[in-house]
Amino acid sequence: MSIPLYIGWQRILDGQGLEIAFTGMFIVFLALAAISLCIALLPKTVAAFGGTLPEGPHTPTEPESPHDDEAVAAAVGFALDEKNNNR
Amino acid sequence: MTILYDFLSASGLAAATWGHGVMILIGAVMIMLAITRRYEPLLLVPIGFGIMLGNIPMMEGDGHGVYDEGSALYYIYSGVREGVFPPLIFLGIGAMTDFSAMLSNPRLVLLGAAAQIGIFLTLLGAMAIGFTPAESGAIAIIGGADGPTAIFLSSKLAPHLLSMIAIASYSYMALVPIIQPPIMRLFTTRQERLIRMAPPRTVSQREKIIFPIVAFFVAAMIAPDSIVLVGMLFFGNLLKECGVTERLANTARTSMIDIVTILLGFSVGASTQAEAFLSLGSLFIFALGVVSFCVATAGGVLFAKGMNLFTKDKINPLIGAAGVSAVPMAARVAQVEAHREDPQNFLLFHAMAPNVAGVLGSAIAAGILWSVLVGG
Chain P
1 MSIPLYIGWQ
11 RILDGQGLEI
21 AFTGMFIVFL
31 ALAAISLCIA
41 LLPKTVAAFG
51 GTLPEGPHTP
61 TEPESPHDDE
71 AVAAAVGFAL
81 DEKNNNR
Chain F
1 MTILYDFLSA
11 SGLAAATWGH
21 GVMILIGAVM
31 IMLAITRRYE
41 PLLLVPIGFG
51 IMLGNIPMME
61 GDGHGVYDEG
71 SALYYIYSGV
81 REGVFPPLIF
91 LGIGAMTDFS
101 AMLSNPRLVL
111 LGAAAQIGIF
121 LTLLGAMAIG
131 FTPAESGAIA
141 IIGGADGPTA
151 IFLSSKLAPH
161 LLSMIAIASY
171 SYMALVPIIQ
181 PPIMRLFTTR
191 QERLIRMAPP
201 RTVSQREKII
211 FPIVAFFVAA
221 MIAPDSIVLV
231 GMLFFGNLLK
241 ECGVTERLAN
251 TARTSMIDIV
261 TILLGFSVGA
271 STQAEAFLSL
281 GSLFIFALGV
291 VSFCVATAGG
301 VLFAKGMNLF
311 TKDKINPLIG
321 AAGVSAVPMA
331 ARVAQVEAHR
341 EDPQNFLLFH
351 AMAPNVAGVL
361 GSAIAAGILW
371 SVLVGG
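Protein chains in written order, with my numbering: chain P, 1 to 87; chain F, 1 to 376.
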């Protein structure tokens, strides 16, 4: 890596720096403006198509996995065993 | 006696140079800053220790370093070299990010775009100094203030600069509370800093579920090369918001991101080499990085001021600085600065909108630079 100690406008032109910078900035703005627009339209989209989705945060009524039950049962069993042994 | 002599001549002391000493000192300072000042300890401790480990002088051919094929560190570092760790970090970030602030006030997304100007102006600066276009792109992404994005892009564009760019990026992220406030004060009046923003609207769970899917498609269609990072970010967010994959989301935002952060930070630190690190080139990289960061901060603040000329509901321009990404530190800095002027002004929620938009913006910018400059 050798870096000459002078600033070169020509280097920017040769490397198409201006085109890359302008195009890059334009695409970033375009993408985020499009996302912003989608967000603005989101409430209407949800009203039209989101009927099947849950309205509030998910509250599981059942354990997420049968292993959870087994883990709880094992813990309770261990605690009872410890209690009995201490008597 | 011969055995003792052989042992000493093969020890670290025999091969030590002043460069090793300086690098070990840098690593120690990072660890100290993390412990005593609490500057990004989750990153600086692994990186600092990695730097110390990577710069223990070894005799040639010992083969324990990150560049020695077959060594354990070589395989850990492959996650950085091949760009595997950054998308996994993005998955975790997605699983811990609440996009409510952005969803409740979509116009603030543009502040996250404006702050990316630091990246593209620094690209020009680096090219002018004499870096190749690919190297310039990798250096410029430091202005995105997003460590994983910087690592991802530099591993593709300029692998030989990766360790310097990663260290610069994480160092500046840790220094957000020091770098940003003077710029924020310089470009705003007291009146502007006192602006109180309207309370945000409530965002429904349905919106939160649909958003990552829609936003992913929009970003992927416009900037396809950003899908690796943006895709993982939104996938993680969908895991969080859909309500039926809580265990997966929980793993992504806790155990998984922690493991990847340890491996990434440690191996990036261990990849630093005194010969490459203590050079004029790395000084330029650090200087360009801080310029990039300052321009990005100013860009966000000035764009917010510009938006105020055309809108009725005024934006406190301090939150523009949060567009540089660095979640959630930059948003906290905006809150602290507003709080200094008016203790009853609470900007944190509003600042989170440009903050998370900045993450998106820098990932999209990285995708663009990758597609344009790869092989350059």
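Calculated from the structure, these hints are not laboratory results. For each residue, glycine too, the CB sits at the ideal point set by N, CA and C. Please note that the accuracy of each hint is not assured.
One side of the interface only, derived from the structure: several residues of chain P facing chain F at Cβ under 8 Å [as the list claims (entries may be wrong)]: (1) G15; (2) A21; (3) P43.
Satisfaction of the A21 (chain P) interface hint, Cβ to chain F closer than 8 Å: holds (4 Å)
Cut-off 8 Å, beta-carbon criterion: hint that G15 (chain P) touches chain F: Interface hint status for G15 (chain P): holds (4 Å vs cutoff 8 Å).
Chain F contact restraint on P43 (chain P) - CB to CB distance below 8 Å: With a closest approach of 7 Å, the P43 (chain P) hint holds.
Going down the numbered hints, you'll see the structure goes against none, and every one checks out.
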